[in-house]
Amino acid sequence: MTDDGFLLEIDDVHKSFGDLEVLKGISLRVRPREVIILIGPSGSGKSTLLRCINRLEEPTRGRIRIDGTEITARGVDLNRVRKDIGMVFQAFNLYPHLTALGNVTLALRKVLRMSRHDAEARGRRMLEHVGLAEKANVHPNELSGGQQQRVAIARALALEPKLMLFDEPTSALDPELVGGVLRVMRDLRDEGMTMVVVTHEMSFAQDVGDTVLFMDGGELVEAGPPSTIFRNPAHQRTREFLQRVLHV
Amino acid sequence: MRGFSETFFNPGVIARYLPALLSGFRVTLELAAAVVTLGILLGLALAVVRAFRVRVVNWVVVAFVDVFRTLPQLVVMVFAYFGLPYAGITISAFAAATLGLGLVLAAFAEEAFWAAITAIPRGQWEAARSTGLSFPQALGSVVMPQAIRIAIPLLTNRTIAITKGTALASVISVPEILDKAQSAMSLSANASPLVVGAGLYLAIFGPLVAFSRWLERRFGWIT
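Just so you know, the protein sequences line up as chains W and V, in that order.
Mapping the first sequence onto our numbering, position 134 (from 1) lands on 134, and the numbers just tick up by one.
Mapping the second sequence onto our numbering, position 156 (from 1) lands on 156, and the numbers just tick up by one.
Derived by calculation from the structure, the hints in this document are not laboratory data.
Quick reminder that beta carbons are idealized off the backbone N, C-alpha and C, glycines included.
Treat each hint with caution, since some may be false.
Stated by the list, open to error - In silico EDC-like links for lysine to aspartate or glutamate, alpha-carbon gap of 20 Å or less:
id	chain 1	residue 1	chain 2	residue 2
1	W	Lys162	W	Asp210
2	W	Lys83	W	Glu9
3	W	Lys110	V	Glu126
4	W	Lys162	V	Glu126
5	W	Lys24	W	Glu9
6	W	Lys83	W	Glu160
7	W	Lys83	V	Glu126
8	W	Lys162	W	Glu191
As the list claims (entries may be wrong) - Anything over 10 Å on all C-beta distances counts as not near chain V; from chain W, calculated:
id	residue
9	Gly25
10	Val138
11	Leu242
Please model the entire structure based on the sequences and the hints provided.
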């Protein structure tokens, strides 16, 4: 933990893909147990920012610190850092050739070097945590989208990360399956997990978020508690975006 | 049509030359096994090496593949057996045949495995790496198991095509089926040995085709 007590610090991060600048100097500080919601139009850079946090995208400039460790420094052991960061993807990205339990335990065996017995014990606990204990020996293609995403959450949680990143976790789900996943995320919040979530689920953002960040065109336009952002945004761009999303 | 059965199915000739033909059969099997082992394992190794994306190494792999995909197997075989001795390297006919067919199979196998590896969605890599798996771990535990399944139908076709090329080894005097059948034919002035030879090829490649279909069904999937 840094002296100031921040779990995640993003300092003036820029990201360009060739000539296209997608992140134009983003700075952000997240405290432990805080839930940050990133909203904004597509192309605003919110997913790119999220993916910079575990360096799936490499920032062109700027620094990112997690629990005091500067992960953008040269020579940092990225694999070790990533153990502390769990990521949940819009497309789930479950391993189709493994069962649900296999998906959850792979990193436990390979990265944490747990024995098969211990890994399976923890894996089963994780699946139970997301309400899918009975699906342990089932392959992803036999699960609904909502179930797959919950397995993906269990897979990310299994390493007991300090920080969980969610990249539009419910955007690919049929509407009736969204609630199950959001419930799991709500429980995580209640258990004190630090979370950064990119989402279009505005009521979730209002209920669960501590801080909402509105991004547009690669810039962090506005940040504040949900009550302010949703009811009384300071910026016109924020207002316009919310009108389009909430009143359409 | 007594002439027909005497020419092509002559019992006396067949009986006299069957031992030679069977020894040829064993050599064909050994050669096919050697070719498949060399070709598939080398092809897999080259594809895995290519996955590490070291530019200079990649050029070498791609150059190898492009050369051996275009050269006729027989040319490689003949070069290995008759050409290399001029450089002071002498290898047996069996080794030359294995190289000729094996290197060509390796080139095709590398392309099949590489196509399969690149077909694996990027999200699989990202999920694996985001849980802290290293690149080799992600490749070995997540990507390759899926890639190999995709590659199997591509490989079985190519493998059958190339192992039929074991007959070409007769050109450099490997004592396999065709070689034995041809000498039996000229010694007996009768075509029956060749008919038996053909039957022996069917005896190998029939089951081989059936096995590859089974393999495709058992391990393949449509993702």
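Going through the hints against the structure:
Between lysine 162 of chain W and aspartate 210 of chain W the alpha-carbon distance is near 17 Å, which keeps this suggested pair within the 20 Å criterion. For a cut-off of 20 Å, the pair hint linking lysine 83 of chain W to glutamate 9 of chain W stands: about 18 Å separates their Cα positions. A C-alpha spacing of about 16 Å is found between lysine 110 of chain W and glutamate 126 of chain V, which places the hinted pair at or below 20 Å, so the restraint holds. Note on lysine 162 of chain W and glutamate 126 of chain V: the hinted pairing holds, with a Cα-Cα distance of about 19 Å set against a maximum of 20 Å.
Of the supplied pair hints, the one linking lysine 24 of chain W and glutamate 9 of chain W holds, its CA atoms being roughly 16 Å apart against a limit of 20 Å. Distance hint between lysine 83 of chain W and glutamate 160 of chain W is fulfilled; the C-alpha atoms sit about 8 Å from each other, no more than 20 Å. Distance hint between lysine 83 of chain W and glutamate 126 of chain V is fulfilled; the C-alpha atoms sit about 13 Å from each other, no more than 20 Å. Between lysine 162 of chain W and glutamate 191 of chain W the CA atoms are separated by roughly 12 Å; this keeps the pair inside 20 Å, and the hint holds.
Interface exclusion of glycine 25 of chain W from chain V stands, the closest Cβ pair being 25 Å apart, more than 10 Å. Taking the minimum C-beta to C-beta distance to chain V, about 16 Å, the non-interface status of valine 138 of chain W holds against the 10 Å cut. Annotated as non-interface, leucine 242 of chain W keeps its C-beta farther than 10 Å from every C-beta of chain V; the closest such distance is 30 Å.
Going down the numbered hints, you'll see the structure goes against none, and every one checks out.
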